Structures are given as structure tokens and as C-alpha cells.
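Asks: Sequence:
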Amino acid sequence: MLRHLVRRPLIQVLPILLIGCATRPRARVADLTPTAPTAELWTGEGLAGKRILTEHFELIATLGDEALMEALPDFLEQAYTCYVETLPPPDSAGRTGSKRRLTTYVFGHRSQWEHYLRRRHPAWLDVHGWIRHGGFTDGTTSYSFFTNRPATLATVAHEGWHQYVARFYPDTLPAWLNEGLACGFESVAYESKGPRFRPRRNPWRLNTLRKALQQDRLIPLEELLAMETSELADRREAGIAERYYAQSWALVTWLRFEGEPKRKRAFDRMLQDVRAGTFRAKVTGAVLTESRLHDAPFPRAAYVFYFDETPADAWDAYYEYLVRLVGFAR
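Under the numbering used here, the first residue of the sequence shown carries the number 1, and numbering increases by one thereafter.
The reader is advised that the hints may include incorrect statements.
The following label-pair restraints were derived from C-beta to C-beta distances [unchecked claim]:
#1 Asp295 with Glu114: 37 to 45 Å
#2 Asp268 with His294: 22 to 30 Å
#3 Thr289 with Asn207: 40 to 48 Å
#4 Gly44 with His294: 46 to 54 Å
#5 Glu320 with Glu66: 43 to 51 Å
#6 Arg265 with Lys50: 41 to 49 Å
For the record, the hints were derived by calculation from the structure and aren't laboratory data.
All of these numbers come straight from a predicted model, not from anything done at the bench.
Cβ coordinates follow ideal geometry from the N, Cα and C atoms, glycine included.
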């Protein structure tokens, strides 16, 4: 989920021409056959907007920002391309995945978002009503609202990853991995050929990390690995959600790109097992047979199993990476 937008994401302006992925390619996506978006008027619960169908998305938006409305369909499809490159669909789904569309709601104001949820999904509003900037995903459907252009694009890209994972890998990724990868879609660089996602750079998360380091308020790695996003609304500690998302992003970035070669290899192997459908079985088997994992919650066990180190063992290296990442001298 993407919430509280000074921590939770913001991206840049339009037009959207081409979005590349600053990641190591994992699957061919150049063969995707674009489908021209189709649009129609939409009404629901007293609200009016547009319903736009793209190849992989059903976009329902009540935005007053016409430039953003025009850009979103292509933005979503380019984000989908990057999701596929990051974690391809399982072989059973085909090269680019199911043709069932992911439904993305983007409301023009928070008040519209709240109104729609109260009418259609009151139980969800009870859970997510604390959100002041951003949105959330339930299954393969996301519900976001406009704050400004950068924030809205970041929210849509972040939540789009959760929709994609829910479609192809439901109940598979531990929260720290799922959220860490999702945060990698929050930052976009605009270059001569157009914008591209920058999973290794996220100024908004960096600001949170810098503040946490200055105040000595980092979440211990042992705790971070075991946390679930559902806990965040119930915890009364100020800034805990911001730190959780920022540290999850930094952890995944470290393991995936910046850490020692053995950690990068372990990360790649973990995603390969996710795609092969063996990830949960392997971790569960280790929990049942390895004494070091007998009492470990699944998310922590997954880390220990793949990276062959405890959170305590990894803490110093992770901490040093955070210090370098935010630009502090050590």
C-alpha cells in the first residue's frame, strides 16, 4: 500500500512518451502488442468520470486534470512492462500474463475516494480511512486519489505492482519484499527519450531514512522483516509507516543491486523460485527441518533461508549501506 506521500512517493510531470526500466531485464517484453485504449463515460455512487480500457488495465478516473488523465493509460501500460521485467508471470500465464484487466480507480479528491468507499466498501474505509495521501490495493483492484501529479503517478505505479502481484503471485511475497519492490516504482527520471523508472533512487524515501538515522529511530532488521502492512494503522508510534516503507525499499535495493555478489545471487534465486512456484514450499520446508528457523515467522525465515544470515548478522552491513545511501560520512 502506498500511503502518506512525503514518504510515499512522488513523481514527475508529463507528457508520458516512453518509460524504460532501469533494471536488469528478466523477460522479453518488446513483443507486447499494444492495444489502443478505449474510453467511455463512467458514473458510480453519484460520481462521474471516465472508464478507459487498455491492454492490461481498466482505469476508472474522476480526475479534473486532463493532462494527467490523458497520460495515465500509457503510464500504466509502461509500468506493467516494468513489472514483467522485474518478475515475469509464471509460465502458465504466458509471456505477458493474463488478459484479465487490473482495475485502477483514481479519484479526483480524497473526499470522492472516501465517498465511494463509504458507499461501496465501508469495511475497507474502516481499515484504510487513516490514509491522507496515496491509496491502497485490495486484490487486483486499487483505489487512489489525486494529491498532485507527482504523488498520483507514484501512487498508481506503486499500487499497480501490488495489483500485478495479486494477479500472478497471490499470498506469496513476504511484505518486506513486496513493499520494497513496490517502492522501486515510485521514482521516475525524465530524459531525452522520455521517463524511466528508477528503482535505485527514491528521494522521498531517502528523506525518511536520513531523518531516521539522525534521530536514531531505525526499525531493527529483525522487526522489519517480521512486520506486516496491516499492523501499521494500529501502531501509535509516530512515523512508523514512513520508516517501514523507506527501510523496506532500502533493504530490497541493497540486496538486489548494491550488496555483495552473494546477496545479489541470492536475491535473483529467490525471485526465480517465486516464479517457479517453489518459494513458499522451500521456506516452509526449511522452517520444519532447520532448527535455526523453528520459531521464525515466515517473512523472517524467507530472509534467513535465502541469504543464509540472521537479521542480527546482516544489521551492520545494512546499516553501513543506509549511511552511504543517504550521503552521511562514516
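Asks: Check each numbered hint from earlier against the structure, then list the numbers of those it violates in ascending order.
Replies: none
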